[in-house]
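A.B. asks: Sequence:
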Amino acid sequence: MASLTPISQTHSLFKKPIVAATPPPSNFTSNFIPKDFPFSGYQSFKPPRTRMATRSRVVSATTAEKPKKRYPGEAKGFVEEMRFVAMKLHTRDQAKEGEKEVKEPEEQSVRKWEPSVDGYLKFLVDSKLVYDTLEGIIDKAAFPSYAEFKSTGLERSASLAKDLQWFKEQGYAIPEPSSPGVTYSEYLKELSEKDPQAFICHFYNIYFAHSAGGRMIGKKVAEQILNSKELEFYKWDGDLSQLLQNVRDKLNKVAESWSREEKDHCLEETEKSFKHSGEILRLILS
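Residue numbering for the sequence shown follows UniProt numbering, beginning at 1 and increasing consecutively.
It is possible that part of the hints are untrue.
[What the hints assert, rightly or not] With a Cα cut of at most 27 Å, we get these calculated DSS-like pairs of lysine-lysine: (1) K235 - K112; (2) K229 - K162; (3) K272 - K250; (4) K168 - K220; (5) K219 - K272; (6) K112 - K272; (7) K194 - K112; (8) K220 - K162; (9) K88 - K272; (10) K76 - K150; (11) K76 - K263; (12) K275 - K103; (13) K250 - K140; (14) K250 - K150; (15) K229 - K88; (16) K194 - K253; (17) K263 - K194; (18) K140 - K194; (19) K88 - K219; (20) K275 - K263; (21) K219 - K162; (22) K235 - K150; (23) K219 - K194; (24) K253 - K189; (25) K194 - K250; (26) K275 - K219; (27) K189 - K162; (28) K250 - K229; (29) K235 - K250; (30) K272 - K150; (31) K220 - K112; (32) K103 - K220; (33) K140 - K229; (34) K150 - K194; (35) K103 - K219; (36) K275 - K112; (37) K219 - K112; (38) K220 - K275; (39) K140 - K235.
It is worth saying that the hints were derived from the structure and are not from the lab.
Whenever a hint applies, use it, and build me the whole structure from the sequences.
C.D. replies: Next up, the structure:
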């Protein structure tokens with residue numbers, strides 16, 4: 001297409017002397033020209049090396065990888081991540097961090113419970129089956145990491161055996177394990193053989209839940225139906241806080257070798273752990 005500029009104007013352009021360009025006003029800004037860059041007509045565009053180095057650092061910063069996402073509790077170790085997820089699955093009556101709505105009888109405040117001795121015996125029998133299963137899995141150690149949790153001092157099977165013997169001496173008939181305990185026991189065995197991350201999730205939640213909320217439940221139930229007798233199930237040899245810390249350290253150590261995907265898989269199993277434990281706890285009210 002022909003130029004729209006008149007020939008006379010084009011011709012005069014070559015006749016005019018070259019004049020130095022006028023510097024821009026002081027308030028002039030541009031995304032393409034640094035604000036403090038010296039402007040002087042047709043001076044060669046060669047910024048000082050310090051300026052170029054600065055621009056290079058800016059480019060490097062913008063192209064660098066974004067900061068790694070941090071998971072709640074991750075800075076304190078993987079056990080804190082598990083604790084954070086578990087707390088969210090409590091009700092507000094059970095924990096100040098709880099978010100779950102009360103839907104099941106056992107999720108109500110213990111003050112509202114109406115336990116029975118027969119129901120409590122069912123709970124203790126099924127609990128013993130679960131602890132028998134856990135301790136047997138740890139002793140067998142299908143995965144080397146399980147051996148880290150032998151003889152932690154948190155074991156409950158022997159204590160429960162003493163309690164059931166006491167009930168028998170009081171004239172109570174000891175029932176056979178019921179469906180909730182049998183189902184959970186079989187599920188733990190299955191997980192332990194093929195899914196160590198999921199199994200560790202259950203191991204953590206069972207032992208740590210019993211040492212916290214479980215103790216409180218045991219005390220309240222004993223006040224209502226056992227004349228406040230303290231069962232062996234709620235006693236530990238040694239300082240419980242130190243026993244728990246030792247196991248926290250071992251769990252964090254084991255999880256150090258896991259990928260982020262394996263850790264997430266472990267955390268996702270928390271809800272199933274609560275489901276199975278809740279069904280056994282509900283036996284107290286049966």
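A.B. asks: A separate judgement is required for each hint: does it hold in the structure or not?
C.D. replies: Status of each hint after checking the structure:
no., hint, in the structure
1, K235 - K112, "25 Å, holds"
2, K229 - K162, "14 Å, holds"
3, K272 - K250, "23 Å, holds"
4, K168 - K220, "22 Å, holds"
5, K219 - K272, "26 Å, holds"
6, K112 - K272, "25 Å, holds"
7, K194 - K112, "40 Å, violated"
8, K220 - K162, "20 Å, holds"
9, K88 - K272, "14 Å, holds"
10, K76 - K150, "24 Å, holds"
11, K76 - K263, "14 Å, holds"
12, K275 - K103, "12 Å, holds"
13, K250 - K140, "18 Å, holds"
14, K250 - K150, "11 Å, holds"
15, K229 - K88, "32 Å, violated"
16, K194 - K253, "20 Å, holds"
17, K263 - K194, "16 Å, holds"
18, K140 - K194, "14 Å, holds"
19, K88 - K219, "24 Å, holds"
20, K275 - K263, "20 Å, holds"
21, K219 - K162, "17 Å, holds"
22, K235 - K150, "19 Å, holds"
23, K219 - K194, "37 Å, violated"
24, K253 - K189, "23 Å, holds"
25, K194 - K250, "21 Å, holds"
26, K275 - K219, "23 Å, holds"
27, K189 - K162, "25 Å, holds"
28, K250 - K229, "33 Å, violated"
29, K235 - K250, "22 Å, holds"
30, K272 - K150, "24 Å, holds"
31, K220 - K112, "10 Å, holds"
32, K103 - K220, "21 Å, holds"
33, K140 - K229, "35 Å, violated"
34, K150 - K194, "20 Å, holds"
35, K103 - K219, "23 Å, holds"
36, K275 - K112, "21 Å, holds"
37, K219 - K112, "14 Å, holds"
38, K220 - K275, "22 Å, holds"
39, K140 - K235, "26 Å, holds"
Comparing the model with each numbered hint stated earlier shows that hints 7, 15, 23, 28, 33 do not hold.
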